[in-house]
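Please work from the sequences and hints to get the whole structure.
Top to bottom, those sequences are chains A and B.
If you're matching positions, the first sequence starts at 1 in my numbering and goes up one per residue.
If you're matching positions, the second sequence starts at 305 in my numbering and goes up one per residue.
If you are wondering where the hints come from, they were derived from the structure by calculation, not from laboratory data.
For every residue, glycine included, the Cβ atom is placed at its ideal position computed from N, Cα and C.
The reader is advised that the hints may include incorrect statements.
As the list claims (entries may be wrong) - Which residues of chain A face chain B? A partial, calculated answer using Cβ under 8 Å:
#1 50
#2 75
#3 87
#4 88
#5 90
#6 103
#7 104
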Amino acid sequence: MLEIKNVSKQYKKGAIDALKDISFTVKKGEFVALLGQNGAGKSTLINILAGNVKKSKGTVKIGGIDLDKNELDTKKKVGVVHQEISFDYVFSVDEVLRNQSGYFGLKDNNGYINELLETLSLTDKKNDSSRSLSGGMKRRLLIAKALVHRPDLLILDEPTAGVDIGLRHQLYDFLNELHKKGTTIILTTHYLEEAEKLCDRVIVIDQGKIVVDENKKVLMKNLGAETLLEFDFSKDIEIKDIAFLADFNPRFEGKRRLQLKVLQNEIGVVFQKMADADLSFSGFNLEPKKLENIYLQIVNGKAA
Amino acid sequence: MIRTLFYNPTGFFTLLNREISRFMKVYIQTLMAPLLSNLLFLGVFGGMLKTREVGIEGIGYLQFLVPGLAAMGAIFAAFQNPSFSIIAQKYQDTLRDINSYPLTTFEKVLAFVLGGTFRGFLIGTLTYIATIWFVGYRIENPTVFFIMLALISFIFSSLGVIAGLFLENFERMNFILAIILTPMAYFGGVFFEISKLPDFLSGAGYLNPLFPMINLLRYGYLGVYEGNLLIQLIFVPFVAVAAFGTAYYFFNKGVGLKD
Ligand SMILES: Nc1ncnc2c1ncn2[C@@H]1O[C@H](COP(=O)(O)OP(=O)(O)OP(=O)(O)O)[C@@H](O)[C@H]1O
Ligand SMILES: [Mg+2]
Numbered sequence: 001m002l003e004i005k006n007v008s009k010q011y012k013k014g015a016i017d018a019l020k021d022i023s024f025t026v027k028k029g030e031f032v033a034l035l036g037q038n039g040a041g042k043s044t045l046i047n048i049l050a051g052n053v054k055k056s057k058g059t060v061k062i063g064g065i066d067l068d069k070n071e072l073d074t075k076k077k078v079g080v081v082h083q084e085i086s087f088d089y090v091f092s093v094d095e096v097l098r099n100q101s102g103y104f105g106l107k108d109n110n111g112y113i114n115e116l117l118e119t120l121s122l123t124d125k126k127n128d129s130s131r132s133l134s135g136g137m138k139r140r141l142l143i144a145k146a147l148v149h150r151p152d153l154l155i156l157d158e159p160t161a162g163v164d165i166g167l168r169h170q171l172y173d174f175l176n177e178l179h180k181k182g183t184t185i186i187l188t189t190h191y192l193e194e195a196e197k198l199c200d201r202v203i204v205i206d207q208g209k210i211v212v213d214e215n216k217k218v219l220m221k222n223l224g225a226e227t228l229l230e231f232d233f234s235k236d237i238e239i240k241d242i243a244f245l246a247d248f249n250p251r252f253e254g255k256r257r258l259q260l261k262v263l264q265n266e267i268g269v270v271f272q273k274m275a276d277a278d279l280s281f282s283g284f285n286l287e288p289k290k291l292e293n294i295y296l297q298i299v300n301g302k303a304a
Numbered sequence: 305m306i307r308t309l310f311y312n313p314t315g316f317f318t319l320l321n322r323e324i325s326r327f328m329k330v331y332i333q334t335l336m337a338p339l340l341s342n343l344l345f346l347g348v349f350g351g352m353l354k355t356r357e358v359g360i361e362g363i364g365y366l367q368f369l370v371p372g373l374a375a376m377g378a379i380f381a382a383f384q385n386p387s388f389s390i391i392a393q394k395y396q397d398t399l400r401d402i403n404s405y406p407l408t409t410f411e412k413v414l415a416f417v418l419g420g421t422f423r424g425f426l427i428g429t430l431t432y433i434a435t436i437w438f439v440g441y442r443i444e445n446p447t448v449f450f451i452m453l454a455l456i457s458f459i460f461s462s463l464g465v466i467a468g469l470f471l472e473n474f475e476r477m478n479f480i481l482a483i484i485l486t487p488m489a490y491f492g493g494v495f496f497e498i499s500k501l502p503d504f505l506s507g508a509g510y511l512n513p514l515f516p517m518i519n520l521l522r523y524g525y526l527g528v529y530e531g532n533l534l535i536q537l538i539f540v541p542f543v544a545v546a547a548f549g550t551a552y553y554f555f556n557k558g559v560g561l562k563d
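Pasting the structure below:
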């Protein structure tokens with residue numbers, strides 16, 4: 001669906017490269033999370049695909065068509081939800097969507113527009129000016145706008161920034177639905193739970209370079225091995241009481257709470273050792289491995 | 305070849321329609337205001353100078369003024385429509401959206417230019433209609449008059465596109481209107497014949513690119529003209545092609561549109 005090969009971008013001569021020799025391929029039907037810190041280059045990459053930024057080097061193919069050779073044919077295949085919310089405020093919600101359909105060559109698209117308005121709960125705002133919508137509604141309108149021409153590839157640049165939790169989950173369901181119907185999706189986000197919940201694959205960009213490109217499950221298995229174990233005790237304990245746990249990065253939180261970092265397959269060992277030492281605890285908590293922790297490991301350089 | 309010009313007719317007409325509805329939605333400011341100011345000009349100058357004899361036999365000053373005002377109204381409206389639209393979209397951060405549409409550069413530029421052309425043509429025509437009450441409806445050569453009105457609008461709409469791409473804000477646009485376009489119009493023969501100017505000014509007047517446009521419009525309306533008609537008839541379409549070509553060039557380069 002998408003083939004990116006050795007793409008670089010330098011905004012100005014002498015400036016550092018916003019993207020450095022990026023290559024990856026996205027297969028039809030994949031749901032890819034594109035992660036990275038502020039300024040990593042995510043939006044730059046997306047803007048290259050949207051035609052807003054001219055790449056300095058490399059080739060991009062969308063649906064097998066080379067962007068440099070036949071840009072217009074690629075446009076119909078892509079829908080982009082940009083990071084910044086922006087509308088032509090002269091127009092109503094309905095006009096925004098009908099114009100958007102028109103630009104993509106669709107004369108009568110009202111059926112699908114109504115369907116989108118319905119799924120994104122905007123039907124009763126149909127005739128309102130786009131200016132009068134709340135932030136979350138604008139975000140949804142932006143998504144509807146990217147979808148009117150039924151793109152094969154949907155690219156979302158932080159679509160849930162500033163969207164309330166209820167609505168966010170509604171959006172997740174919506175994206176899942178689209179994904180099931182076969183739309184290829186690339187999602188940029190700073191909410192890692194989002195990527196964890198939705199995507200099959202994770203690409204992390206750091207300072208314009210891809211540092212991780214991995215199947216989500218594999219990634220979590222390989223990197224997320226450390227689980228946080230937390231024990232509460234009914235009496236004060238000291239270091240010497242837990243000397244036998246020294247291998248598991250023990251850390252005290254006050255005198256009655258102990259945290260350990262344990263590999264998945266060592267959890268049993270820890271419990272066995274505590275039983276052997278006759279150390280009884282009153283409470284116990286296990287923090288499951290999260291993509292967020294893995295991600296922090298990666299961007300903090302531990303994943304090299 | 306055709307595909308590099310016309311790729312998506314529906315998209316083109318949607319964009320054109322947007323550029324027209326953009327000003328139609330606020331027709332009080334965009335149509336009524338300039339029309340009213342034209343009528344004011346007519347009332348003030350025309351009323352004051354009614355007795356002034358123009359160099360041409362049997363032509364009153366009011367009649368002389370009508371094509372001048374129609375031209376000036378068309379020039380400003382045609383220039384403002386695309387430049388205002390483009391700059392406003394820069395403010396709204398929606399201008400870049402156009403990069404994602406499956407439209408050729410030619411289609412995009414033509415939609416912007418024709419949107420402005422239509423507004424200019426409308427202002428010119430409305431000015432004419434509004435003055436019928438004062439000076440009568442007679443147009444000496446309607447074909448020339450309306451073709452010239454369309455051409456003038458087309459030229460200044462093209463220039464408006466270029467201005468929109470290059471300018472970052474409305475202050476700059478107003479500056480251009482006030483410092484360049486207004487004096488050019490005033491000295492291009494809107495209010496008086498170039499030949500009536502003092503010698504050193506009339507020489508410059510003939511070089512003013514607005515002069516042949518206004519002059520030809522006046523020729524269509526009154527049947528009288530100054531200078532060499534043939535040269536002017538070649539010059540104006542030439543400028544139209546050049547202005548559109550320049551707008552196309554910068555649009556295609558992505559000035560103001562792409563990083
Ligand atoms: N129009 C531009 N002109 C010059 N430099 C730019 C431009 N846009 C982005 N940059 C630079 O390119 C780099 C990458 O920016 P980009 O917007 O792609 O980051 P991002 O990963 O999307 O960050 P965020 O998470 O904050 O949205 C940054 O150093 C940024 O300053
Ligand atoms: Mg970004």
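Now the hints, each set against the structure:
no.	hint	verdict
1	50	5 Å, holds
2	75	4 Å, holds
3	87	6 Å, holds
4	88	5 Å, holds
5	90	6 Å, holds
6	103	4 Å, holds
7	104	6 Å, holds
No hint from the list above goes unmet by this structure.
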